[in-house]
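Student: One-letter residues, chain by chain:
Protein chains: 4
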Amino acid sequence: MAKASDKPVKKVVLAYSGGLDTSIILKWLQTEYGAEVVTFTADLGQGEELAPAREKALKMGIKPENIFIDDLREEFVRDFVFPMFRANAQYEGDYLLGTSIARPLISKRQIEIAKQVGADAVCHGATGKGNDQVRFELGYYALEPDIRVIAPWREWEFRSREALLDFAEKNQIPIAKDKRGEAPFSVDANLLHSSSEGKVLEDPAVEAPEFVHQRTISPEDAPDKATVITIGFEKGDAVSIDGVAMSPATILTKLNELGHDNGIGRLDLVENRYVGMKSRGVYETPGGTILIAAHRGIESITLDGGAMHLKDQLMPKYAELIYNGFWFSPEREMLQAAIDLSQEKVSGAVRVKLYKGNVSVIGRESPNSLYDQDLVTFEEGVQAYDHNDAGGFIKLNALRLRVLAKRDRKG
Amino acid sequence: MAKASDKPVKKVVLAYSGGLDTSIILKWLQTEYGAEVVTFTADLGQGEELAPAREKALKMGIKPENIFIDDLREEFVRDFVFPMFRANAQYEGDYLLGTSIARPLISKRQIEIAKQVGADAVCHGATGKGNDQVRFELGYYALEPDIRVIAPWREWEFRSREALLDFAEKNQIPIAKDKRGEAPFSVDANLLHSSSEGKVLEDPAVEAPEFVHQRTISPEDAPDKATVITIGFEKGDAVSIDGVAMSPATILTKLNELGHDNGIGRLDLVENRYVGMKSRGVYETPGGTILIAAHRGIESITLDGGAMHLKDQLMPKYAELIYNGFWFSPEREMLQAAIDLSQEKVSGAVRVKLYKGNVSVIGRESPNSLYDQDLVTFEEGVQAYDHNDAGGFIKLNALRLRVLAKRDRKG
Amino acid sequence: MAKASDKPVKKVVLAYSGGLDTSIILKWLQTEYGAEVVTFTADLGQGEELAPAREKALKMGIKPENIFIDDLREEFVRDFVFPMFRANAQYEGDYLLGTSIARPLISKRQIEIAKQVGADAVCHGATGKGNDQVRFELGYYALEPDIRVIAPWREWEFRSREALLDFAEKNQIPIAKDKRGEAPFSVDANLLHSSSEGKVLEDPAVEAPEFVHQRTISPEDAPDKATVITIGFEKGDAVSIDGVAMSPATILTKLNELGHDNGIGRLDLVENRYVGMKSRGVYETPGGTILIAAHRGIESITLDGGAMHLKDQLMPKYAELIYNGFWFSPEREMLQAAIDLSQEKVSGAVRVKLYKGNVSVIGRESPNSLYDQDLVTFEEGVQAYDHNDAGGFIKLNALRLRVLAKRDRKG
Amino acid sequence: MAKASDKPVKKVVLAYSGGLDTSIILKWLQTEYGAEVVTFTADLGQGEELAPAREKALKMGIKPENIFIDDLREEFVRDFVFPMFRANAQYEGDYLLGTSIARPLISKRQIEIAKQVGADAVCHGATGKGNDQVRFELGYYALEPDIRVIAPWREWEFRSREALLDFAEKNQIPIAKDKRGEAPFSVDANLLHSSSEGKVLEDPAVEAPEFVHQRTISPEDAPDKATVITIGFEKGDAVSIDGVAMSPATILTKLNELGHDNGIGRLDLVENRYVGMKSRGVYETPGGTILIAAHRGIESITLDGGAMHLKDQLMPKYAELIYNGFWFSPEREMLQAAIDLSQEKVSGAVRVKLYKGNVSVIGRESPNSLYDQDLVTFEEGVQAYDHNDAGGFIKLNALRLRVLAKRDRKG
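Protein chains in written order, with this note's numbering: chain U, 8 to 418; chain L, 8 to 418; chain D, 8 to 418; chain W, 8 to 418.
Since the hints were derived computationally from the structure, they do not count as laboratory data. Worth double-checking, as some hints may not be accurate.
It does not matter which identical chain is used: a pair holds within one copy or between any two.
Claimed, not checked - Below 27 Å or equal to it, Euclidean Cα-Cα: the simulated DSS-like pairs (lysine-lysine) are:
id, residue 1, residue 2
1, Lys206, Lys70
2, Lys136, Lys14
3, Lys14, Lys417
4, Lys232, Lys34
Only chain U is shown next, with the shape it has when bound in the complex (with noise of 0.2 Å):
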C-alpha cells in the first residue's frame, strides 16, 4: 500500500528565516523531494532584518513569485498576544508563553500561502524533541487538514552537525564563521520575548550565564531610579502609555525598550514540554512581564470577584493549550470566549513602578471602577453593608461544618 510519504511533493511553503539552518533545509527541499520551494519570512518583531532573506532566497534559485515576506507584528500582538494576556496565561506558573504563541500565526501564514500559490506540502526547521514541531503541525492541521507536513529534522540521514555542516557546504551554502564550531546556546525570539536554551544552560545546577541575555540588561546594570508609568487599557487591551494611544504592536515595542532599561522580565526556568521530558530555558519578557502585571492591576478593580476566580480557575488550562500548541482547537476557542466575555469593562489606567526589575502595580482608576466609594455606599434606604448580616452569612455557611463536626463526634 503506498504511503502519503510515497507521494512525490510538487510544491512547499518553507518557513524560511535566511538563516543557515533553514538555508540547508530549503536546498534539502530541491534535492531531496525535488519540489519547488516557496519561501515565508515573516517579522514578528525578532529583530533582525528581513531583506537579505529575500537576496538568500534568490541566490538558491528561488523565484521571486514564490518569495513572501511579511510584517506581521501587528496581527501577533493584536489577535495572538492580547487575547493571552486577557486570560493572564501563564505556563507552570511562571513562563509568558512567549514562543508557544508565536508559532499558531506562522502556521496560518504558511497554509494561506500554500492555498494562495497552490502548494501540497508545508515545511518547518523545528527539531524533533522540541514544542515547536508539535506546535506547527497541530496549526498546519487545523486549518488545512490535507496539507503534507515535511520535518526535514525528524526525515533527513543527516546524523551529526558536521554531516549537515558538510551538506551544506557541498551545496555551496555559505557557513558563517562562527557557525563552525557549535553556539553555546540557541534562541527563539519575536516581539513578546526571547527564549534561550541549551549548551550552556543544560545544567540546571548552574546558574545561566550573563551573556545569554538578549532582551533585557540585568537588575544590576539598571538605573537607580524607579520609572514610572502608566497605562491604559481597554476592554483588556493595553491601548496607551502615559496617555499617548499607540497600536498594539507599538505598545508592546515600547514596553519592552522600558523594561530592557530596568531589567524586567528575566526567567530561569525548568519547564515540561508535552513531548515529555523536562528542559531548561531562559525566557527574557520584558514587556509582557510590566504587561500581565499592569492587566492584574486593572483587572482588581473592574473585574468581580466571580469572574476573577472564575478566569483564575480556566487559566492553568488555557496555559496549557496554548504550550502545547492547540491554539486552533475547539476548547481553547471556547476558554477565550469566556475569557474575553469577562474584559468588557476591563478599562481603565495603572500606573506601574519600574525597578532594577521590579514591576510593581502602584494605582488604579477606571470608570468602570467597582471599588468606587460611590458605588460600595448605597444610596440611602437601601443599605449597602450591615453589620447584622455577616453573621447570618457566616451560619449558613457554617451550617455544613456543623453538622459535620457532629456526625464525626458521634464515630
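Given the structure of chain U, go ahead and fit chains L, D and W onto it with the hints provided.
Tutor: Okay, now just chains L, D and W, sitting in the frame of chain U:
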C-alpha cells in the same frame, strides 16, 4: 421562643492581644455579658512581647488560671504555613494568604482552651466587614459545633471610635496617647506576613506611602549587592538554609530577615473579600516570597509534569478555600491529601538570588531529579527518545483537529 | 441610624400564585406594610389556570392595572431551559435543576414590572430554610441593586401553620377544606419539572409513596411497548419531533407527555442545599430527562472530544451556580459563552426509545457528523491513520512515566 | 546507532487469551522474533474457561513453567473497580470504563511475571487503532521503564484478515469454523462489563441489534415485577447485599446477575478515543450500573456538600485519565488520594429497586448520616437554623452582584 443568644454566657475564651481593642472587648464581656473571661494570647511571630498581655489581663481582673499565653510559632509554620506552601497557594494570582492562614490556628487553640476550662463561648475582635470574622467563626464551628460565638463588633452599641474610647476611659482602660486620634492604617502581623489597610490606603489610585511598610525596607534602600542562599527541601518543606538545618519557624524567621534586608515581598493589592466587597491592602511577606519561588524551583526538577499541572489547576480553588476560611473543611483536606502525595519526592536544594526586591532561582539540584541526564538517557537497548515517535505523537494529536477541519469546511 | 427596613414601602410587586399562601402574604403586605400591592402571576407551565388568580386579586382589592398575568412559557424554555440543557447541567450528578432554572425568570419579570409601575419593593413567598429565597433575591439584586426585598417567611410573626390560617380566616381569605390540615408534602411545578418535598418524604430511608408523583405514571404502569421518536436539533437546541418543527415550549410540552406516558424522569434525591443542610426531594422531569439524553446523543457525533471534555469539566460548576441562584452572574455568563460557542455545529437528529422509565439513544445522524466515514477516511495521498503513528504517540505519552519510574526505582 | 528494536528479544510475556488471535501472535513471536514465549492468562471474570488456554499453550510448545494462569477477579474488583467507583467515574457522561479499568491490572501482572521469569519484553494483542494499546503500554512503561514492548498489530506484515488466517493455517493453529468468515462485531469482557464494537455497529444511526448483547436481557424481556435489594457500604465500597457480607468480586458477580435479569446496564455510545477518532460501542455493565447508583445514594446522606461538589468537579478529569490509560500516573494517584479521603464515612445501606432497565434508589440509611434529624436539630441553646440568618447570607452573597449592577447601569 428563646433564642440561643438569650442564654447567659458563663465563661468565654477571648482571643486577646493585650491591645486597646481587645482590652475594651474584655471589659465589655465582663460588664455586658457578666461572663468569666479567659484570655488567650498567642505568639504567632507578630513581633510583640507577650508579657504585657498577661499583666494587663491580671489588672483587668482575669484570674491567673484563666490566662493562656502560647508560643505557637512552630505549630503555625509546620502545620499551617508549610502545607499551604506545598500548594503554591496564591489568592487572586498574587496574595500569599498571610492573614488567612493564621486564623484557623487561633480558632483551634481557642476551642481547645474552651474545652479545657469548660467555657461555653469564644470571642474574637475581628470587625463586621472583613474576612477574619468568617475565618475565626468557621473554625470555631467546625471544631465545636455547639459553641457560642461572640462577635463584639457586630453586637455592641458603639457607633463610633469616639464612643468606644469613651467606654475605655470610663472603665479605666489605658489609652496610648497616639490612639486617641485614629491610626492612619491598621495592621495585622504574624510570622508569615504583615498586612496594612484602611485610611491612607483607601484610594487604590494613590501609591501606598513608604511608612506603611513594617517588614521590609524598600528595594531602593536594599544593598547594591545580591545575596545568594541555598534552601534545602524535604518532601516539599524547607528544612535548611545554606546547609544548616533549622526548624520550620526558624527557617521562616531567617528568610524574613533576608527578605527584609533585600526589599523582598511587598504587594499592593486590590482584592475581593469573601463578604462581597473589594478592599485594598499592602502586604509584606518577605520570607514567604522567597519560599514560594524556591519551592517552585525544587518542584520544577522533582515533580512530574502531570502532577504539576494538576496542582496548578487545583491551586486557585485551594487558595480560595483558605482565603474564605474553610481550612477545616473536607474539601480543603481532600485537596491537601492530593497535594501532599505529590510532595513525596520534592526534596533537594535550590539556589536563590536576592537582590533589591527580586527573588531569582538560579540553580536547583536533587537526588530525585527528573531532569538528571543519566535518567533522560535511557539504558542502551531501550532508546529513550526516537525522533520518529514525535511524528506519530503529532499525527494522533492532530487527528481530531483534522476531522473537525474537514467537517467545518463542508459547512 | 435609620435602617433601610425602617423606611415605609409604597408599592410592592408580589409573585402571586393565587393560592392560599401568597394570598395571605398579599393581605399581610397590605395590613403590615400598608403598601399598594401589585400582583404578578406567571404561566411557566405549572399546569394551573391563571384566571382565578386575577379574580382573587381583584377580590382582595388589587386594582386591575396592578394585576400582571404573563404567559412566559416560551421565554422560559427558550432563554433559560435550553441554554442550561446545552450544558448538560446536572446538580450533584442527577438533578436537572427544574426549580432552580425557573426562579431567575420570575425575578427578572418582577423587576421589570417594578420599574414599569414604579414599585419600590418586591416580595416572594419562599420560606426561610430553602434555596428559592436565595435564587429570587440574588436575581432581584443583580437586576436592580437598590430594590427593597420583602421575604414574609423570614419576617412575620406567625410561628405556626395554625397562626397563619387564623390570620387568613380573620381576613376573609378562603381556605380550601383540605388545607386546614397540612398537606402531606409540598409541590413546585413548571414546564420543566415538578418537585415534591416535606412530610411523607422526610425520612430518606423510606420509599416515596406513589401518590407524590404528579407528572409521570410509574414505569410499572407504562405501556409494554416502546415508543420511538426522533428529536431534531439546531445548534444544541431541540427544534422538532419526528420531523415536525415546534417552538421551544411546544417541544418540551410534547416531550413531557411522552415522558409521562412512559414513566420517565422520576428522581428520588437527597441533595445539599446552598443554605447548608441536606434535604430530600422527589423530582419528575419527564421531558427534560428525554432531552438531556438526546442532547448528549447529538453531541456525541457533532462535538469534538476536546470541546466535550472541557464542557464536562465545566458542567458541575455551571450546575452549582444555577442551583445556588447565580444565573445573573458574570461567571455563569462566561461559562455560557463557552458552552454556546461549542454548540454551533450541534445539529442533527437523534432517535430515542422510550420504554417503562428508560430513555435509550438508539441512533444519531447529522450533516455535521464528526463520525462520518467519508471524513474519517482521508483523501488518498494523505493517510488519515497510520498504525505506526500510534507507536510514537504512546512512546511520547509514556516518556514522563518512564523517567518517573527510573527515578523512583532509585529511591 | 542501533535502535532498541534491532536487538533480539530473548523472552517475552504475552497476554494470552487462548483464542485465535493471541495464538497467532504466540506463533508469530516464536517464528518472527525467535523468542521464548511466556503466556499469561488472567481470569478477570470474562466468563471463559482458562483450562483450554493452558492446553493450547502446551500444544504450541510453551514450557509448563512458562504458562501463567491467574484468577485476578478479587484483585481486579478490590484494587481497580472499587477505587474507580468511589469517584463515580463516568467517561463522557455515561461510560463506566469497563474495558479501561482492566488494562492496568493486566499490564501490572505481565510486568511482575516478566521480572519473575527474567523476560526482556512484553506483548499484547490490542490493535493499532484503539485505546487499549495505549493503556497496556503506558502501564508497562510506568512499571518497568526499560521493558521492550511488542505490539504485533502495529508491526506485522499481515494486511488482511485473510493473510492472518493463512498464517494460522500454515502453522497448524486450529481455526474455529465460524472464524473463517469475520465476526459481525468484536467483544471485550470482564467482571465489570462487556463491550461490543465494529461491523454491525459501525453506523451510529442504526440501532444496535439485539444479538450483540452478551450480559443482559433486554428490558422488554425482564420480569414484570421489580426486585428490591439492599446494598451495604463501608468507606465507599460495597460490602454486602441484603445483609450478607461478600467479597468484592462476589458482590460484583451477584450484582451482575441481578442486573442481567432485570435488563440493566446497556449503553449505546459514540465516544471519543484517545487516539483521536470517534467510535461507537455497545456496553453492558449490569452490576456496575447498579453500583454507581447505590454509591451515589449512600454518598448523598454521608458526604458533605463541599466534598461532593469537589468530587464532581474532579471526576471528569479522573475518568479521562483512566480512559486514556494513565492509571499508573502521579495525577491519578493524587486524585485518588483526595477521593479516598472523602470516603472515610461513606458507610451504610442503600435500598435499590431494579425493574426493566431501571435502577432507582428508594431508601438510604447510615450511622454516619448527615441528614439525621437529631443532628440537624441542634441542642437547645445553640439554634441550628435561624431564618434571619438567611437574610444576611443572601445579602452578602448579593453584595458583589449589586455593586456590579450599579457599575453597569452607569455605563
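Student: Does each hint hold? Answer for all of them.
Tutor: Going down the list of hints, with the structure as the test:
1. Lys206 / Lys70: So Lys206 and Lys70 fail the 27 Å test inside a copy (37 Å) and across (52 Å) alike.
2. Lys136 / Lys14: both (26 Å within a copy, 23 Å between copies)
3. Lys14 / Lys417: Only across copies: Lys14 and Lys417 sit 26 Å apart there, 74 Å inside one copy, limit 27 Å.
4. Lys232 / Lys34: neither (52 Å within a copy, 51 Å between copies)
Consistency note: the structure conflicts with the earlier hints numbered 1, 4.
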